[in-house]
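Chemist: Could you put the whole structure together from the sequences, leaning on the hints where they help?
2 protein chains.
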Amino acid sequence: MDPEIRERWQHRLTTLWGEHIPLAAAMGVSIARLDGHALEIAAPLDPNANHMGTAFGGALQALATLAGWGVAMMVAGPRFDGHVVIGRSHMSFLSPVPGALHARCLFPSAPKQAAVQSALAARGRARIDLVVTIGTIADGRLPEQARLEGRFVALGQPGRGAAVT
Amino acid sequence: MDPEIRERWQHRLTTLWGEHIPLAAAMGVSIARLDGHALEIAAPLDPNANHMGTAFGGALQALATLAGWGVAMMVAGPRFDGHVVIGRSHMSFLSPVPGALHARCLFPSAPKQAAVQSALAARGRARIDLVVTIGTIADGRLPEQARLEGRFVALGQPGRGAAVT
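Residue numbers (my numbering), protein chains in the order written: chain A, 1 to 165; chain B, 1 to 165.
Hints are computed from structural coordinates only; laboratory data are not their basis. Incorrect hints may have been included.
Partial list, computed: chain B residues near chain A (C-beta under 8 Å) [what the hints assert, rightly or not]: (1) I21; (2) L45; (3) P47; (4) G57; (5) Q61; (6) R125.
Each residue gets a CB set at the ideal place from its N, CA and C atoms; glycine is no exception.
Modeler: The following block contains the structure:
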């Protein structure tokens, strides 16, 4: 990913979540990693805990939704002039998340990204299906302690410019 | 529902969400209605808004999860000594939620509640499948602007005492 594009998206998403989505601010969401492969975002456990001392299921869903939404926005393109909404999601809670929350969403393949751009140009609407892995990092790895499969819908024109990755 | 049982659950859920689940406190979750038919909880729009001025999808999922979890706890029984976790959920976002968030979860039928009690007594484990309707009240009605279908799992012994409704 071009460093300038990464910088711009990091700023855009961080500003949006920190200043315009109060719940994301309350959760303490930050960007842990952004490159051509994935967007990974994180949040500390304390504001997102349940009464058992593990992550609250609602917080896991919210974090996963933000990760998928961020990737969908980026796939819609740097000059996308519309907005992205979530259409439906399926969440599997596989085991308790015992510490800081991480949510990782891989970018779709280049052909899938191109298909999104084409659909936006042709119809002003495109579906973007994404999978998000959620868990607590251990030994440098992110175990799949929860998984979100989400369908996002981009509505608008792609504008000029290539896909993000 | 017996007024004393209702009072006890209102206090228990309100205390739990207000004092032990920080995100529920940040959302401003309160109990709007609790009777033998349904648990309905609410939250103001402002702390749960997105940058479009409607409800953030993550907040809708979190509120729906709390409503379902509350009903699952009550179905597990007033003397249930274990805990309830969410196993999986499917969320449909049907239209934007434009104002204060309401989530309503109906109690399962009496035979289904009895089956949960039996499963807990026999195996210390019971599945509780629930549907939650989410939207903004208009003209005294709650439109289905989002829907959660959740599978909750109660783990523990039912203890003495009848089902809640």
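Chemist: Now tell me, hint by hint, if it's right for this structure.
Modeler: How the hints compare with the structure:
no. : hint : result
1   : I21  : 5 Å, holds
2   : L45  : 10 Å, violated
3   : P47  : 5 Å, holds
4   : G57  : 5 Å, holds
5   : Q61  : 4 Å, holds
6   : R125 : 15 Å, violated
Hints 2, 6 from the list above are not met by this structure, while the remaining hints are.
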